[in-house]
Amino acid sequence: MTASSALGSRAVRRAPQRGPRWSLLRRRGAPYLFIAPFLAIFALFSVYPLIFTLRLSFTNWHGAGTAEWVGWGNYTYLLTNPGFWSSLGNSAVLWLLIVPVQVVIGLLAAVLLNSARIRMRGFYRTAFIVPFVTPLVAIAQIWVVVFDQNYGPVNDVLGFFGIPDIGWLTTSEWAKPTLALLFLWKTTGFAIIILLSGLQSIDSSLYEAASLDGATRTRQLVSITVPLVRRTLMFLVVLQTLAVFQMFAEPYVVTKGGPYSSTTTAGLFLYNHITRADLGTGAANSFLLVIIVLVLSLFFVRMLRTKD
Amino acid sequence: MTTAITRRRRPVASQLFLILLTLVFLSPVVWAIVSSFKPAADIIRDPLGFDPSLFNFDNFERMFGDVPLGSGFMNTAIVLVLKGSLTLFFAPLAGYAFAKYDFPFKNILFGTVLVTLMLPTIVLIIPLLLEMKEFGWVNTYQALVLPGSIDAFAIFWMRQVIAAVPDELLDAARVDGCGEFGIYWRVVVPVIRPGIAGLAVLTVMNIYNDFVWPVVVTTNDRMQTLQVVLSTLAQNITGNTIGADYATVTGELLAASSIALIPLLVIFILLQKHFINGILAGSIKG
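Chains A and B, in that order, are what the protein sequence lines are.
So for the first sequence, this note's numbering puts the first residue at 1; every next one is plus one.
So for the second sequence, this note's numbering puts the first residue at 1; every next one is plus one.
Source of the hints: derived by calculation from the structure; they are not laboratory data.
Just so you know, even glycine gets a beta-carbon here, dropped at the ideal spot from N, CA and C.
Below 25 angstroms or equal to it, Euclidean Cα-Cα: the simulated SDA-like pairs (lysine to any residue) are:
| id | chain 1 | residue 1 | chain 2 | residue 2 |
| --- | --- | --- | --- | --- |
| 1 | A | 186 | B | 14 |
| 2 | A | 256 | A | 177 |
| 3 | A | 186 | A | 96 |
| 4 | A | 186 | B | 267 |
| 5 | A | 186 | B | 33 |
| 6 | B | 273 | A | 120 |
| 7 | B | 100 | A | 36 |
| 8 | A | 186 | B | 274 |
| 9 | A | 256 | B | 220 |
| 10 | B | 100 | B | 277 |
| 11 | A | 256 | B | 66 |
| 12 | B | 273 | A | 114 |
| 13 | A | 256 | B | 247 |
| 14 | A | 256 | A | 63 |
| 15 | A | 176 | B | 31 |
| 16 | A | 176 | A | 81 |
| 17 | B | 133 | A | 44 |
| 18 | B | 106 | A | 27 |
| 19 | A | 176 | A | 161 |
| 20 | B | 273 | A | 126 |
| 21 | B | 133 | B | 78 |
| 22 | B | 106 | B | 86 |
| 23 | A | 186 | B | 117 |
| 24 | A | 256 | A | 166 |
| 25 | A | 256 | A | 86 |
| 26 | B | 273 | A | 108 |
| 27 | B | 273 | B | 197 |
| 28 | A | 256 | A | 173 |
| 29 | B | 100 | B | 88 |
| 30 | A | 186 | A | 261 |
| 31 | A | 186 | B | 116 |
One side of the interface only, derived from the structure: several residues of chain B facing chain A at Cβ under 8 angstroms:
| id | residue |
| --- | --- |
| 32 | 101 |
| 33 | 116 |
| 34 | 131 |
| 35 | 211 |
| 36 | 265 |
| 37 | 272 |
Just chain A, with the same shape it has in the complex:
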């Protein structure tokens, strides 16, 4: 009954267009065509290398000859290697120096940029994002010059206040903070814009109600703003955790991992296997790093997830 009426209606409609079956076919087929170029690139340059790396991580291979299967050998080698743990430790210290500072400064600046009482908000927004746009290599090199112990302008300014020269990049206690400062300088503007996008979705009537109830601005920040931008904060913290643990180009250009390996980050330690052509160990290190980053990300997602 329904089948015959459907057939009937199709017969009628066939004349003007090429028919509903054709249009349905086109509609079904279209998404495949749309994702095909992406899929080709994705399969060739992401999925295939990923599977290759996984296999490589169980072998001992130096880029030539046949790979020797070593099972979990690379993994146990790394897990018992003090260098691996100290690279993770260095990244963890950098994380502590970077993420909490960025969240506090970023949130404060974003709240101010979202407030109608502040003038020149457009100017600040532009000024803050400038570091994010600058090429990292150029900035990293400028950092080398600016923080030079003998000739850099930073020590010049500090000297004006009677503070003796600091070995920003040449002592192991200052190298990490100097690197953290570079990362903060480069990405905090972006963090501010991300947080601003979260703030802009908060209903302003909430603040009006709170003001009427006599809540101070600090109180409003703690009780309304922070809980409501939780998801944005979570997004930011996860993003920066990924970035900090993968950090590579900054120490590569600025400190080469020194002094005394104090800035050999997890990302740089991984890269060092590649430069030594120790490819199996490098691959295993990659997966250990991915697992650590995944666990950390899930931890932050859980911690910051809204209770409801």
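Starting from the known structure of chain A, arrange chain B on it as the hints suggest.
Just chain B, lined up with the frame of chain A:
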């Protein structure tokens, strides 16, 4: 009375905080650009000195004589155009398919895309490099352009943006006899233009600033991109391979860095509204 005072005082503290932040964010860039015009010896002797009458182009001239910055610029421009077009044309298209169509394995596929977002780029470097060697692509433009184009982040972002386009708009176009690509091109693209503009700025920035992949896949200095050429200058400063003194190398370094900064700063200042609005439109809310 007290509330009136605190209300009036607080914006002053806030303005001070913002001005301080602006100074911190802008001073290294301004210092580097200004210093690059100073005589090399003065950069070191008096880093904060400012005497426009001494400004000259010596650092730039010496730098261009020492490193192939011109060919670096050229290579970056070629990669930028090719890789940028690929990403900007195909990423929104794929994002559209993920946002507005149902097809088998869609969710598994999109899940895979999200997982690759979490992978450190360095993870794929070894096998990618071997793949390039297999293809004979080391030191070629294909190697600089294809891997990393139409990237997972662009797909993810465009899916988010396109999901917000109402389905009624698409159905109306379909009723009017619009083909599937026609719907995308004539209906979806005009609506999501701010998002695409944001993606464009971010893509240009990422390609221009990309360092890790180009440094691995180009060994011939005629194929090196701007950032790789720049990083070799830094090695000059530590290894001093060109046999110059510290002041000269520093001057060259600042000249090269300033030249590398300027194109992106100009693009950004011209397009900053699109970029910031693009991030504001595309990121996760609340």
